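> With the sequences and hints as input, model every part of the structure.
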Amino acid sequence: MENQNPVPTVIPKVLVLRPPPVFPFFEPRYSDKFQFLKAWESPIPTEEFLETHAASVAALLTCGFNRITPDILRRLPSLRLIVTTSAGLDHIDLPECRRRGIAVADAGSVFSEDVADAAVGLLLDVLRRVSAAGRYVRAGLWPLNGDYPLGTKLGGKRVGIIGLGNIGLEVAKRLEAFGCFISYTSRTKKASVSFPFYQSAIELAAYCDILVICCMLTDQTRHMVNKEVLKALGKEGVVINIARGGVIDEKELVRCLVEGEIAGAGLDVFEREPEVPKELFTLDNVVLSPHCAVLTEEAVGDLCELLAANLEAFFSNKPLISQVAT
Amino acid sequence: MEAIGVLMACPIMPYLEEELDRRFKLFRFWNFPHKKEFLKEHAHSIRAVVGNAFAGADASLIDALPSLEIVASFSVGLDKVDLVKCKEKGIRVTNTPDVLTEDVADLTIGLILATLRRICESDRYVRSGLWKMGDFKLTTKFSGKTVGIIGLGRIGLAIAKRAEAFGCPISYYSRTKKTDSTYKYFPNVIELASNCNILVVACPLTEETRHIINQQVIDAVGPKGILINIGRGPHVDEPGLVSALLEGRLGGAGLDVFEHEPEVPEQLFGLDNVVLTPHIGSGTVETRTAMADLVLGNLEAHFSNKPLLTPVV
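Sequences listed follow chains A and B, in order. To convert, note that position 75 of the first sequence is 75 in this note's numbering; the numbers rise steadily by one, no gaps. Take any residue in the second sequence, note its place counting from 1, add 1000, and you have its number in this note's numbering.
None of these hints come from the bench; they were simulated from the model. Since we're looking at a predicted model, the values are computed, not measured. What you were told as hints is all true, and nothing was included just to trick you.
Calculated pairs, DSS-like style, for lysine-lysine (alpha carbon to alpha carbon, straight line, at most 25 Å):
{"no.": "1", "chain 1": "B", "residue 1": "LYS1089", "chain 2": "B", "residue 2": "LYS1035"}
{"no.": "2", "chain 1": "A", "residue 1": "LYS278", "chain 2": "B", "residue 2": "LYS1137"}
{"no.": "3", "chain 1": "B", "residue 1": "LYS1145", "chain 2": "B", "residue 2": "LYS1184"}
{"no.": "4", "chain 1": "A", "residue 1": "LYS173", "chain 2": "B", "residue 2": "LYS1161"}
If you want the footprint, here are the derived chain A segments under chain B, 3+ residues with CB under 8 Å:
{"no.": "5", "segment": "119-125"}
{"no.": "6", "segment": "142-148"}
{"no.": "7", "segment": "151-158"}
{"no.": "8", "segment": "177-184"}
{"no.": "9", "segment": "283-290"}
{"no.": "10", "segment": "297-308"}
Every residue, glycine too, gets a C-beta built ideally from N, C-alpha and C.
Below you can see the structure in the form of structure tokens.
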């Protein structure tokens, strides 16, 4: 009896310029569903690689540190979908995508809880000196030097959230349970929310004790937390940044921390990662983390599922799961 | 009231010490290396003892102070005060409830996040320059995890309220089931430990709760769970806990209290799934000042024959 060879299924191609942080987890789970064109593995320059190998590619998987410029888009004439692993979109030329009819899908709110958790964790650590007191214990100083100096109470503090999107709302919900008073600034006032709204970061900072930065990085928000905002926040003020390093004038922040112009900071992001200003390393009122607010097993698992679901939907001509407006 | 003798059991806080010095005749117990001689000379004039979680008024001290009328503890826990003896002798006892509830609950969540999200370790990762070599590892999500609380008093409830904001289902063990609580009750600690991701010790230290966290409970929490202790060190079989952590039988721990403070088992220092803090649960300027004011207020009330502010005995 004649064996009929099964018709080979075409595994759809997905272009990857440089691997997103989640790629080492994503690739092994889905290598049977998608064929990844890995531009970074090729010895030839990216532009040449795209022209040679990516002319027919319809889908691009990217992340925050790959700038998707008109130049790159021009070299991808068949591109119809960009899936980014980030919640931020500042790395993608959205107007050009709209002009080209390229759909964009992002990470939705898949790691909003994890990022909010990290923001609260950093804030509690700064105010209550968890990391610094831990260093004190591990250096054997408790028996030698006695009690650790007192921290600052979180309850009753006025918290100003910069950017009240998914993440900002999750942060607000958590901090309310600690007895904090929430207010915010955002591009537009949110009608569905009863927290006091301030038109600008400087007004928010003048009123609040703590600033939590949860906004996207755009031309408008770059260096929004500057010398004037930090001065308005004041000597007892604390800044928490789990958004993008560029929202803060980092040099000015470091100066304020070193000179005691603000009381402390919890930072997961920096202007030139993984470079971190060394002046911060000797400060006990600063907590630093290596851009890992989204890096939990659960968030990575959920993100991989979402990326795959968007790609599968696209290749089956079904609606995307987390499409963003361009 | 300057003639009233007050014995401070150990150094507590400059503000409290200064005020006690100003208002009473203050004896700093730790300044007298020869305790027997000191007591012989001054015991008769001591009418109050001020202690804390570290040192209080045990049976032998109470017996040595014939004029003792009141023990005012700078803490909510009274495991360092012989309450039975005080009751027998008609000695009043006060503590500092409520004013420290929020700070202790806040630190509890801080310890949970630091333990699950490896915040202290990731800070070390940045400061040591390791980030330039590569990304930090994946950590464990907090939101949505089940929190099991031993002791649903003021502090336990405050912890539950905060954890609920993270979407955490709450369960608890208590001596008696709380009829007005919607949280899930377990009749014993092992069952609670087997059914939660994060086990929190938030009950008073008594004869019954000493080593309430024993080997079986630790094993019930298991390699995927964590233990948080903001109660008292003796709540936990500390050597057992250390072994379990070293052997990977317990997923992690956030500890603010230890059996022999300020000594902390050095074997824990190298573990990245353990967060250690030096008994700072109530350690904020605001709260410690409020606690000191309560101690002072209770003493003033007693010696003015007014009702005590926060009596326990």
